[in-house]
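Asks: For the record, the sequence lines run as chains A and B.
Numbered continuously in our numbering, the first sequence closes out at residue 125.
Numbered continuously in our numbering, the second sequence closes out at residue 130.
These are calculated hints, taken from the structure and not from any lab test.
One thing to keep in mind: the hints can contain errors.
What the hints assert, rightly or not - Chain A is nowhere near these chain B residues, computed Cβ spacing over 10 Å in every case:
#1 A11
#2 E12
#3 S13
#4 G49
As the list claims (entries may be wrong) - So, partial list: chain A residues that the calculated Cβ filter (under 8 Å) puts toward chain B:
#5 L49
#6 S85
#7 V111
Note that the coordinates shown come from a computational prediction; the quantities given were computed from them, not determined experimentally.
Even glycine gets a Cβ: it sits at the ideal position worked out from N, Cα and C.
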Amino acid sequence: MLTIIALVAFGVLTGILSGVLGVGGGIFMVPFLVLVIGLSQHAAQATSLLVVLPTAAVGSWALYRSKVGDPRMALRMGLVGMVGSVGGTALALSLPGHVLRIVFALLMVVVGVRLLRDAVRGPGV
Amino acid sequence: MSDVAASAPPAESTTRRYDVTGLIGGLLSGLLGIGGGTVMVPLLVLWTGRQQREAHAMSLGAIIPISFAAVVVYGGAGQVDLADAAALCVGSILGARTGARLLVRAPERALKGAFGVFMLVAAVSISLKG
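One chain only, chain B, in its complex shape (with noise of 0.2 Å):
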């Protein structure tokens, strides 16, 4: 059913309705330091009416810009460990890629319940870290 909605140019409103996803994405993730995609999946899904996988997709490209500007407005302050960032790196740019090819097969209720169990266990870190 959202096949058609997906491949049509969206309207005007629902085009709106991305823009204040992306704002309050990137908001809570200056706001709290949680990653925009906690924010953006759910209302992707629950507010823009995007399949669960589409909407892994697209909160992945938007966290590349909201990001960025994080690591300008922080990476200056902060006092980054350069070699752990690489070490983690070597293996997320691995990781990256298997996980891209999960979600393309994955099916879309597993889709949905692997991220409901992200937003609990999401839910219990940032209680514990204020």
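Next comes chain A alone, as it looks inside the complex (with noise of 0.2 Å):
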């Protein structure tokens, strides 16, 4: 019972950022899965790719009909995005993953570190 109240009341955090930054929310749920509820970390991934789809068309329904955004394209970038998945997917077989991820960890912290500032610095809208 516990489980499930802790289960819920992450789902609800994750749904909230997921619709505020535009993100999925596997990199708040994996870990968590992990951690916390003790799965595996393929059965943690799996679990949460699976929530990534309805909390994404929900926050997307929502914003739809707030008129926020560009439908269209962004239905066109998902749907090349689509074949990059499963692109991605094949290459990660052959590819050294370890080193990618650290690449693109500093690629990461890079462009924070600028949205920072920007925030900081820029105009106020």
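Since each chain comes alone in its own frame, lean on the hints to assemble the complex.
Replies: So, in structure tokens, the structure goes:
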């Protein structure tokens, strides 16, 4: 029972972050499922993927009704992204994941710092 | 300033940038198992010149087909815990509406700051994973 309450509560938090940040939320859910609920890394990733889909759909529907963004272009990006996703999954078997992760993490730090700098200095619209 | 850009139909070269953004988002999500949003939002802001708010909304929309493909590819192989997924979904569906409402109203600077923090957290998270 306690586990179910924890999962629903964490789901609410993930859903809010997903809607406001425009991300799937797997980055929050996978560590939670592994460290708190005790799933294996693989089970956690598969489970999280299943949650991302309805969460993104509900958030997008609310944003579509509020006329925020560009649904046609978003759909186009998503369809091209499907091809990329299948290609990426195939490539994952033959590329050194660890190195890619570190390179990508460094890139994220650079972009994150830049966004924070813009948030502090930029025009407050 | 980008209000005009947002309402005008995008030029052919701009459309190509969205295609590349989606492709990279999907590729890295398949390659590293991270969400495409982490990649697509910064590209939309820094490369296609979208406002932070629009970028978040478009990224969330693009995640629907991308995660659908991932579910089809991984879903069969992975051991999904259906009970856990269902409980998380109950919460996340409620939360997503609140999050979307926040996105509609939040100031651009707050969104930039929040996404900046998110990127730093995500960077730590993916470096620990490998």
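Asks: Of all the hints given earlier, name the ones this structure violates by number, lowest first.
Replies: none
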